[in-house]
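Asker: So you can see what is in the structure, the chains are spelled out below.
Protein chains: 2
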Amino acid sequence: MKKSYRQMDKNELLTIKAALEEKYKEEQAKGLQLNMARGKPGAEQLALAMPMLDVINSSCDMNTVLGNDTRNYGDLDGIGECRRLMAAMMEVEKDNVIVYGNSSLNIMYDTVSRSVTHGVNGSTPWCKLDKVKFLCPVPGYDRHFKITEFFGIEMINIPLNSDGPDMDMVEQYVNNDASVKGIWCVPKYSNPTGISYSDEVVKRFAALKPAAEDFRIFWDNAYCIHHIYKDKQDKILNILDECEKAGNPDMVYMFASTSKISFPGSGVSAIATSLKNVEFIMKQLTVQTIGHDKINQLRHSRFFGDLDGLKAHMAKHADILRPKFEAVLKELDEELTGLEIGEWIEPRGGYFISFNAMEGCAKAIVAKCKECGVVLTGAGATFPYGKDPKDSNIRIAPSFPSAEDMAAAAKVFVLCVKLASVEKLLSEM
Amino acid sequence: MKKSYRQMDKNELLTIKAALEEKYKEEQAKGLQLNMARGKPGAEQLALAMPMLDVINSSCDMNTVLGNDTRNYGDLDGIGECRRLMAAMMEVEKDNVIVYGNSSLNIMYDTVSRSVTHGVNGSTPWCKLDKVKFLCPVPGYDRHFKITEFFGIEMINIPLNSDGPDMDMVEQYVNNDASVKGIWCVPKYSNPTGISYSDEVVKRFAALKPAAEDFRIFWDNAYCIHHIYKDKQDKILNILDECEKAGNPDMVYMFASTSKISFPGSGVSAIATSLKNVEFIMKQLTVQTIGHDKINQLRHSRFFGDLDGLKAHMAKHADILRPKFEAVLKELDEELTGLEIGEWIEPRGGYFISFNAMEGCAKAIVAKCKECGVVLTGAGATFPYGKDPKDSNIRIAPSFPSAEDMAAAAKVFVLCVKLASVEKLLSEM
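First to last, the protein sequences are chains A and B. With my numbering, the residue at position 316 of the first sequence is 321, and numbering never jumps. With my numbering, the residue at position 207 of the second sequence is 212, and numbering never jumps.
Chain A with its partners taken away, still in its complex shape (with noise of 0.2 Å):
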């Protein structure tokens, strides 16, 4: 076990600091180029859907199981093949699933908007109260964030811990103040610190109970089947179901889509909910679109077949992301463990791995990989307003460089971690 900086003195960690630099400088002369700041797919997990260009051609019979033409108008909820395949990933009825477009985020997006403008199945609309709020587990998802603060909707953080967020928390803020109108939740691999909810926790929050009658729990299942190990593989329990038999039916929104698992604005996303819901949404979208892309939706179909085809898909996914995850976490762990200066979770799926380093030492440690040439996701972006408070959160994205150079990139991450560390505890000396 290495000594704790914490531990070492003066002396001890001025020695430690100029060793830190004469590194550094070496590594800035690499003139590397890097980035871990997205939650991109490298060019292999690209390159696993390219024969699902193949499934859809000119020689092609293009109507779905029902006989509907893709290529013309209908099917406006999406075709009955792909809400089939959709509602198997989200581990829902096929009767509760719409799928739309190319994008999750964008039914978030139209499921806030439509509240603001039209209220939740007959309540107020959202832009008519004084005040409308939303809980954020943080760290979270920078894009959620950015949806209800582009509505000035407030946001209120709420600590997640490694079984789901607060639940206290939430039941305080949910059962008392009617301003209280969502939660943004990715509940399973979570962005990023990749933990899940025990089922406790998702008991807890089918069992709410909101001041609010237009309370919604955004449940953003982005990673439902994004497993990174064979074995080791989390599985959180079914949040409608639950909310159905906590007697709250209608309380839950549930996002997915196969963004990261066909390709990233090429695939298609949906929503679940109950059927009072979706009869609430079918009211606008009916007026909103003549319908989505149908012949995407029969590809998709036609190429992952059913929930199986989507499984042995995405086990060849996790075999190109576990190296990478794990040459940041074994660098990680061999060079920090001990020294206290920072705190990480091994995720076992999704795209993330976020790392906490000493307060006040987030932004100084993306700084410093930044001018080593390894651009990381700004520091604060995982908390509302971009603010952490205790700069203390960075999310570490390492699905889109090779191996070897996420091996690379992650050895001027612990480099950078200790040198900003070593200066902050001199700072304060």
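Please keep in mind that the hints were generated in silico from the structure rather than gathered at the bench. Any given hint might turn out to be false.
Copies of the same chain look alike in the list, so a pair counts if it fits in one copy or across any two.
Claimed, not checked - DSS-like, lysine-lysine: derived pairs with alpha carbons at most 25 Å apart:
# : residue 1 : residue 2
1 : K429      : K7
2 : K133      : K288
3 : K392      : K288
4 : K281      : K151
5 : K133      : K151
6 : K151      : K208
Following the hints, position chain B against chain A.
Answerer: Same frame as chain A, now just chain B:
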């Protein structure tokens, strides 16, 4: 020339009525099942674009001209070559174009929705205003009216003449009433009348002096290259240019899509507007989505190549549509000319023939057609709130049935027009 029904006495009308009723029974007995309700391309038209599905396959280079991978995140405003293609079609510059997903209706919805929640380039959000009004040239496109109705925007009917909307009335409203925030226009091959706006009308639009700074022209250029004839083609002035010249550069949003060029539901759509407007829209788009389907954008760009490619493709559509339009027009001309019971315009493009029956007859005609197995767009649909004050306008969509079926349907239609008109005239005696 046939004798006008209006100049007939009661006995003449009764004799005609009896003969028409006889014929109506015969038609009913045929058990027709024909649909002229919506502007859906027919099977032959869809077949034209099938080779497009081979253009992108697993052995393709998936990069844009600029080297961006269309399979991954990026190019939020659309890939360069597709923006260029859509710009050429819309007769604007590439920088003024954002390529969206598959539905221009969705862009229009988003544009109104954004104005409701966030205003226009910094103006007060429409949801904070007591009253928002849109001008609606009538008859017009039902789905435009549905969007404004959905947002509780008051709609004001403006007569659509053979050269465009009644501009005296448009100027009167726009230049004096600050609650008038928009006008819906289909400037070329108008839905449903088929007329195109004259140069003078376009110039008067551009020269408007709106009382509201956030007034915008919603210029749905849905049929910009959708000619029916090779020789007789309408041409309209470029509204973006004209607005710029008139000192109103930000006053117009132009919309277009390839829904009726490639595939309805699987095409690409675009907005064209001033750079200032583009900038404001991009602030929303960044929050709303991770981007649109760039593989489909690449598919369209490579298949059509350039504007000449688009035009050559549309000439094939014209060859298919022309006989269908002509079958209806021939029937109308042969059977109704001189009777003074209806008026219509011979469109040179677009998807519709608009028929104005005697006042108070449209609903009766549509109902009679339905009982004979011929489904038309619901009477009134071409007006805001579905209310045609004169109960006169009927939209005929000749694209979906075969030319033979169209001829059969047109026969039923003129029969029902005659019968309803005779009944109306008799009821007034």
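Asker: At most 25 Å between alpha carbons: which applies to K392 and K288, within, between, both or neither?
Answerer: Between. Shortest inter-copy distance 20 Å satisfies the 25 Å Cα cut-off; intra-copy 37 Å does not.
Asker: Using 25 Å as the alpha carbon limit, work out where K133 and K151 are close: within a copy, between copies, both or neither.
Answerer: both (21 Å within a copy, 22 Å between copies)
Asker: Cα distance capped at 25 Å. Does K429 pair with K7 within a copy, between copies, both, or neither?
Answerer: within (19 Å within a copy, 98 Å between copies)
Asker: Cα distance capped at 25 Å. Does K133 pair with K288 within a copy, between copies, both, or neither?
Answerer: Answer is both; intra-copy 20 Å and inter-copy 23 Å each pass.
Asker: When no copy is named, should K151 and K208 be tagged within, between, both, or neither for a Cα gap of at most 25 Å?
Answerer: neither (28 Å within a copy, 41 Å between copies)
Asker: Evaluate K281 and K151 at a C-alpha cut-off of 25 Å and name the case that applies: within, between, both or neither.
Answerer: Between copies only: 22 Å across chains, 28 Å inside a chain, cut-off 25 Å.
Checked against the numbered hints above, the structure violates only hint 6.
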